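K.L.:
Below, each chain spelled out in residue letters.
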Amino acid sequence: MSERLLHLENVSIRFGGLTAVSELNLQIGAHELVGLIGPNGAGKTTVFNLITGVYQPTSGQISFDEKPSARLKPFQLTKHGLARTFQNIRLFASMNVFDNVRAATQLHRARGIREALWRGRSFRKGEAATEAHVMELLAIFHLEKFRDEPAKSLPYGDQRRLEIVRALATRPKLLLLDEPAAGMNPTEKAELAKLIRFLRDKFQIAILLVEHDMPLVMQICERIAVLDYGVKIAEGTPTEIRANPRVIAAYLGEELTDA
Amino acid sequence: MFFARPRTFLLLALVASGVLGFFQNQLDPYYVDVMTRIGINIILAVSLNLINGHTGQFSLGHAGFMSVGAYTAAAMTMFAGPHVLPANASVLLTGLWFLVALMVGGLTAAAAGFLVGLPSLRLKGDYLAIVTLGFGQIIAVIFRNVEPLGGALGLNGIAAYTNLFWVFAIAAITVYVVTAMVNSTYGRGFIATHDDEVAAEAMGISTTRFKTVAFVIGAFFAGIAGGLYGHFTLTISPRGFDFNRSIEIVVMVIVGGMGNTMGVIFAAVLLTLLPEGLRTLAGVSPSLQWIGESRPLLYSILLISLMLLRPQGLFNFRRSARAKI
Chain H
1 MSERLLHLEN
11 VSIRFGGLTA
21 VSELNLQIGA
31 HELVGLIGPN
41 GAGKTTVFNL
51 ITGVYQPTSG
61 QISFDEKPSA
71 RLKPFQLTKH
81 GLARTFQNIR
91 LFASMNVFDN
101 VRAATQLHRA
111 RGIREALWRG
121 RSFRKGEAAT
131 EAHVMELLAI
141 FHLEKFRDEP
151 AKSLPYGDQR
161 RLEIVRALAT
171 RPKLLLLDEP
181 AAGMNPTEKA
191 ELAKLIRFLR
201 DKFQIAILLV
211 EHDMPLVMQI
221 CERIAVLDYG
231 VKIAEGTPTE
241 IRANPRVIAA
251 YLGEELTDA
Chain D
1 MFFARPRTFL
11 LLALVASGVL
21 GFFQNQLDPY
31 YVDVMTRIGI
41 NIILAVSLNL
51 INGHTGQFSL
61 GHAGFMSVGA
71 YTAAAMTMFA
81 GPHVLPANAS
91 VLLTGLWFLV
101 ALMVGGLTAA
111 AAGFLVGLPS
121 LRLKGDYLAI
131 VTLGFGQIIA
141 VIFRNVEPLG
151 GALGLNGIAA
161 YTNLFWVFAI
171 AAITVYVVTA
181 MVNSTYGRGF
191 IATHDDEVAA
201 EAMGISTTRF
211 KTVAFVIGAF
221 FAGIAGGLYG
231 HFTLTISPRG
241 FDFNRSIEIV
251 VMVIVGGMGN
261 TMGVIFAAVL
271 LTLLPEGLRT
281 LAGVSPSLQW
291 IGESRPLLYS
301 ILLISLMLLR
311 PQGLFNFRRS
321 ARAKI
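If you read the protein sequences in the order shown, they are chains H and D. For the first sequence, the residue numbers in the working numbering are 1 to 259. For the second sequence, the residue numbers in the working numbering are 1 to 325.
Rather than coming from a laboratory, the hints here were simulated on the basis of the structure. None of the values given here were measured: they were computed from a predicted structure. The beta-carbon is built from N, C-alpha and C at its ideal position, and this holds for glycine as well. Any given hint could turn out to be false.
When the alpha-carbon atoms are kept at most 27 Å apart in a straight line, the in silico DSS-like pairs for lysine-lysine are as follows [as the list claims (entries may be wrong)]:
#1 H:K79 to H:K125
#2 H:K67 to H:K79
#3 D:K124 to H:K67
#4 D:K124 to H:K73
#5 D:K124 to H:K79
#6 H:K145 to H:K189
The following residues of chain H were derived to be distant from chain D, with all beta-carbon distances above 10 Å [to be verified]:
#7 N10
#8 P39
#9 E66
#10 R111
#11 R166
#12 M184
#13 E222
#14 T239
Please model the complete structure; the sequences and the hints are all you need to start from.
P.N.:
This is the structure:
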């Protein structure tokens, strides 16, 4: 059993009278590729926001890397090794491709205001190292040719990949992908599936995929948790999930009988 | 040009301001007057650009920070100066004391910037603008009611320490500090905060921290500009640092192009010269007199047409996505 990276223990959150997520237990180990699925309104995004520190759980424990994380702010969580992408792409609009990634290397730089003002040798060396690192990352995703282009001018698929590169620049242990396949055509989806696998193997990170697109999740995830009305109704391998009657009833029913 | 060798640029600019200061007495006093105001406006506009342009926080409190610096520096030279300096102090010594007074003024303004910045960090856009606006009003009311600082009449008889050397040396330092800071990996944090706070936080950037730093450094230079201003006009009163003064600086930043330091410098020069130019034009012949009378009108028309025709700023030539928002 690999080491435990993210652990949600009996996590519930209530908004007024509505219990959005109830008694959720979820574990993600290092280097694991886990999918979180569920029909519309099942609470996937709420879980995402709980993990990333946007919401505080009403009850229960969330720990990241064996440390309680519910009280941490999003930027502190990122420092601990949790990075994310956004469902509706949120690149830094006024920056070029290079700077978008460079901005995300912030937390691993030792150079602050003083070095930036003094511009001594160690500053220039450090900046050069950052540049090399960013270019290396961009090259892995074949984005290096867009280096000086405004980020928002890239084609949609490239913007999604740039967002992933940016998240990787924070050197995460766990990467959360929020509906990365949204708005993609089948070819792009197939490439995305390859990319996500590649990410996990190349960077040795764990990935939690919150996704709508059933075939994609079934194809790449090792383990899948299914939410319905804020409750986890099933968890297991893709084969197990596919055969689970509760999942079929809640979500997959028609798709599977058709197939 | 600047980005390649920023330190060389700074050195050259400092030498140039030294030369300017040295030959100041040979220049027409009118030109010295206009140049001084240009320099002070550059400091104000470039430092406000760090807050409003680069970091994307809308502050209307720059005149307030300026007044804090102006009063503090003036109090230092007027009240503390005679006790500290010997009766026949050398030029060097008074210059040094002036520098200390400016620094203390800047630091006090920076402290005010920190205090305003903190509660404002939860606010965005219009709400932040209103808080900073309120800060400016409060500061004015305080100065109006503190008798030792002259109350509504303000302080008179401030020593004429400001010269072209101080003004342009400090303007150069302001430009250097803001540009060098923003153009680094660290400085991308300001722009990230400007672009998308949620995404910035998710990338490990503490937007709170960057906003505070922007406010503190912006206020610091505004305070120093205030100190220079007081020792230039030799009289300061709360009325000189009102809402209109803040707006004037905001307009320079907008005309120059938010977040574009070079553009903002040009705008500071242009908008300081514009009223002078209009005045001169009005004096050419009686048939042009109307120009002098309708100066505020022309100014407003200019602003409106600018916003319609070049919303990204007059001097923003970069092919950047920022222009589109």
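K.L.:
All the hints need checking, so say for each whether the structure fits it.
P.N.:
Going down the list of hints, with the structure as the test:
About 23 Å separates the Cα atoms of H:K79 and H:K125, which keeps this hinted pair within 27 Å; it holds. For the proposed pair H:K67 and H:K79, the alpha carbon gap of about 13 Å is at most 27 Å, so the pair holds. Of the supplied pair hints, the one linking D:K124 and H:K67 is violated, its CA atoms being roughly 32 Å apart against a limit of 27 Å. Among the hinted pairs, D:K124 with H:K73 is consistent with the structure: their alpha-carbon atoms are about 19 Å apart, no more than 27 Å.
Proximity of D:K124 to H:K79 is assessed by CA-CA distance (about 25 Å); at most 27 Å being required, the pair is judged to hold. Distance restraint check for H:K145 and H:K189: the Cα-Cα separation of roughly 23 Å lies within the 27 Å cut-off, and the hinted pair is therefore satisfied. At roughly 26 Å, the least C-beta separation between H:N10 and chain D is larger than 10 Å, which holds for a residue marked as non-interface. With a least CB separation of 26 Å from chain D, H:P39 remains clear of the 10 Å interface cut-off, as annotated.
Distance check on H:E66: its Cβ is at least 20 Å (rounded) from any Cβ of chain D, clearing the 10 Å threshold; non-interface status holds. A beta-carbon of chain D comes within 10 Å of the beta-carbon of H:R111; the shortest separation is about 6 Å. Listed as a non-interface residue, H:R166 fails to keep its Cβ farther than 10 Å from every Cβ of chain D; the least gap is roughly 7 Å. Once the 10 Å rule is applied to beta carbons, H:M184 is consistent with being away from chain D; the minimum gap is 20 Å.
A cut-off of 10 Å between C-beta atoms confirms that H:E222 is not in contact with chain D; the least separation is 25 Å. Annotated as non-interface, H:T239 keeps its C-beta farther than 10 Å from every C-beta of chain D; the closest such distance is 34 Å.
Taken one by one, the earlier hints fail for this structure at numbers 3, 10, 11, listed in ascending order.
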